[in-house]
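Peer 1: This is what each chain is made of:
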Amino acid sequence: MGNKSRVIEKEEVVIRFSGDSGDGMQLTGTLFSDTAALDGNDLSTFPDYPAEIRAPQGSVGGVSGFQVHLGHSEIFTPGDLADVLVAMNPAAVKANAKSIRQGGTLIYDEDNFTDKNIKKAGYEADPLKEEKLEGVHIIAAPVSSMVKEALKDFGLDPKSVLRTKNMFALGMVYWLFDRKLDYTEKYFEKKFSKKPQIAEANKIALRAGYYYAETIEALTPVYRVSPARIAPGIYRNICGNAATAWGLMAAAEKAGLKLFVGSYPITPATGILEELALRKDLGVKSFQAEDEIAGICTALGASFAGYLAVTSTSGPGLALKTEAIGLAVMAELPIVIVNVQRGGPSTGLPTKTEQADLLQALYGRNGECPVVVLAASTPADCFDYAFEAARIAVEHMTPVILLTDSYLANGTEPWRIPEMKDLPDIMPPRPAQEETPFLPYKRDEKRLSRYWAIPGTPGLEHRIGGLEKTVKGTVSYIPDNHELMVRLRAEKVSRVEEKVPDLKVTGHESGELLVVGWGGSYGYIMAAVRELKEEGHNVGFVNFNYLNPLPKNVREIFSKYQKIVVCELNLGQMANYLRMKYQEFTYLQINKVQGLPFTLQEIKDQCIKILEGK
Amino acid sequence: MDEHRSSEYTPKDFKSDQEVRWCPGCGDHAVLNAVQRALSELGIPRENFAFISGIGCSSRFPYYMNTYGFHSIHGRASAIATGVKTANPRLSVWQITGDGDALAIGGNHFIHAIRRNIDINIILFNNEIYGLTKGQYSPTSERGLVTKTSPFGTVEEPFSVGELVIGAKGKFFARTVDANVTLSTRIYVEAAKHKGTSVIEVLQNCVIFNDGIHDVIADKEVRDERTIILKEGEPMIFGNNRDKGLALDGLKLRVVSLGNGITEKDLLVHDPREPNPGIQYMLANMRYPEYPMALGIIRAVSGQTYEIAVEEQISEMQKKSPVACMDDLLKSGSTWKVE
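For the record, the sequence lines run as chains L and X. Per my numbering, the very first residue in the first sequence carries number 1225; after that it's consecutive. Per my numbering, the very first residue in the second sequence carries number 186; after that it's consecutive.
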């Protein structure tokens, strides 16, 4: 389609769609990402939106963005600076002008740059001049009037016509990146199968945008990003919340258990409950509780009754579940608590990302109350760590907290689909039937886990609860018994270490600087370290996914570097944890608390400063 | 003992080996006896019972039952019991709770369990005081009650358990007195058979911190005059000489004396199965001295239970959906192959 004489091959590009929160930018970005993924690009996405469903129209606070980074090579992050910024209004320029790359392209809807909207966004008269976008290639497109024109004889009301603006913009971007329209067209046919007029209107707007870009072709080169060189297999795009839900279901199947999820809706974790609620076909029992406490307590009840039990939440919800996690520790019942971290404290920044719940997960309970804590590091590996969290919970009879974050939860990336037969079996510790009376706190010698006797089983009737008990399940205030049980519970959790894989170093195995990350900042650090290494710096990188217990080889790795720097989206929680655990090392810090992920550049700059001894 | 078939249980089969540690004279002992008696009559295998409790004196109950049991945290027993029953609808799930546990810290879970009509049996020990923390007022303490935290009398209105249950769309509400083991046993059996949330309020005596709080209606000398035991299909009669009854006077209940032209035919006949809760609501709220306190099964209306609705939806979707296992799901939707 069309004459594309000026085609530029790019290794990778970053595109950011931005507009009012009602402009449909999330859908636009998702459709573009899916098309790129189907074309075989590796990619990473980052939706960035306000908490208000419809913030005041035209305001900077109401700007919703969706960034996608696609490449011919492996992609670790949604990218720092945009090669192409699509701005549906002046506020979107205001919010994003600083993230356009030198030499990048800005596409904007000039019809929306009215005096009123320009003032609303906080500009005097000319946003482009005021932002000093000299090095940026600018395409002013009359998006609103073009869709009005394209759909003038269509019989749609003006509001519905304007709702297709995002598809016009998407059409332009498809032309710019030499993509086909068929995936998006099929999406609309399916989505609006009962409203064919709406489906057709969106398709017309999409094509109008595509042809418009072609018509003004002389203005800009076309970028081509060839398919990525990635491992063979069947792929799909997946976001962190869906991957988490799927990992839990996979674990239930492997353990021969049914899955129960008890949760209360909370941003940004709700997607997990929604995904599991869909899966009645797989027998999942999803329970939307009256509050966060009931979420975990119903799950704990289901665990007592023999289910793989899960509760999903975000920071404030984890705070509310604290007492029940203590009960799970005391009752020694398996349960997975997923905490999709967001900006805190309190309500904080509900739609933004942060990694500031680490110490809450590790220590935020009364008494000596150890739990296993894991953290996922990419949207797709949320599947692996959710699976692993469930495996540990069941096999070791312990609560496990899985930390993800808003960035992972909403971000997507292509994921090579695993086959169930390749995943490890999970073996629930069943008591021997002939052992009566059943002793609820008798332990497996190796793991120190107690046995899981399920109500309905004759002869194994027993009582458990939050009061301290003897091995028999009798309530006991005997001082020595309490100390024994406290130590046993701690030792049980620390024995999970046996199967914790060693930390793996990326980059130099020893040398000047070790960059340490945990959980969701993996991608940015990875990309930064890769560039540092390519530029000849002597740098290594480790990322922690197991936070309690920690891997066995930490000390060995740390001792091979002159300097250690811990990068995290908080004020130094992991650094302090490591200071406590491995006191012989000195820890430098790179911290950020803006509700946003790191940028590659931020990490690189700070690492270089450290390397230069500044 | 384990060889017993379920139909041959005796109350003893439900006693655990734990020493019962409630205060001598506490009403809880009688409740325990009545529950063990009721369970032995139900014909349900012992392994299918689960007793779930929160925190408070009564919440020690599961330790004394030779069944599956879970003594949990303050206020959360309704939620935990809901999880147990939703996971396994074949279990007979009992929640043991008190006025503080169910109506103060656990109020939210209590009303939502009732609203969902999950098939659990909630025995609410109401002694109108916090006993385990040694004597503070509770959400059912009468206005003006002097306690350690209300040294000059409470200035709060109490909840009426039945009113709250009906307000939360409850379908089964009964009231009994701890010492009346015969009545209690009958109610527990009926509660177990009822499909849906059953709430049984037990007027229970705390011998240490609120001794005699229910004596004004429950004492042997006065109980026939000051309480009425409601029975399905029977006219509402009470009194030492069974010479008093309840009749409708406009939109209100009225105590009438039989004789002088008033006969049984003028009295209300108890219908706990009437879905409209109007009369049952008034019966649940009757208080001495204006009225006798109502005992027995006040409301018992059938309806869809939560856990069965969940299972029905699952089996319906399993028939319709092409996804039968995780491999199916993993491969569903938009995928692409990389060679």
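No wet-lab data here; the hints were simulated from the structure. If you're wondering where the values come from, they're calculated on a predicted model, not measured in any experiment. Hints should not be assumed to be uniformly reliable.
[Unchecked claim] Under the rule of at most 27 angstroms between Cα atoms (straight-line distance), these lysine-lysine pairs were calculated in the DSS-like manner:
id	chain 1	residue 1	chain 2	residue 2
1	L	1415	X	380
2	L	1410	X	380
3	L	1482	X	522
4	L	1418	X	504
5	X	516	L	1787
6	X	516	L	1645
7	L	1415	X	319
8	L	1645	X	504
9	X	516	L	1404
Peer 1: Checked against the structure, which of the hints given earlier come out wrong?
Peer 2: Checked against the structure, the hints that fail are numbers 1, 2, 3, 5 and 7, while the rest are satisfied.
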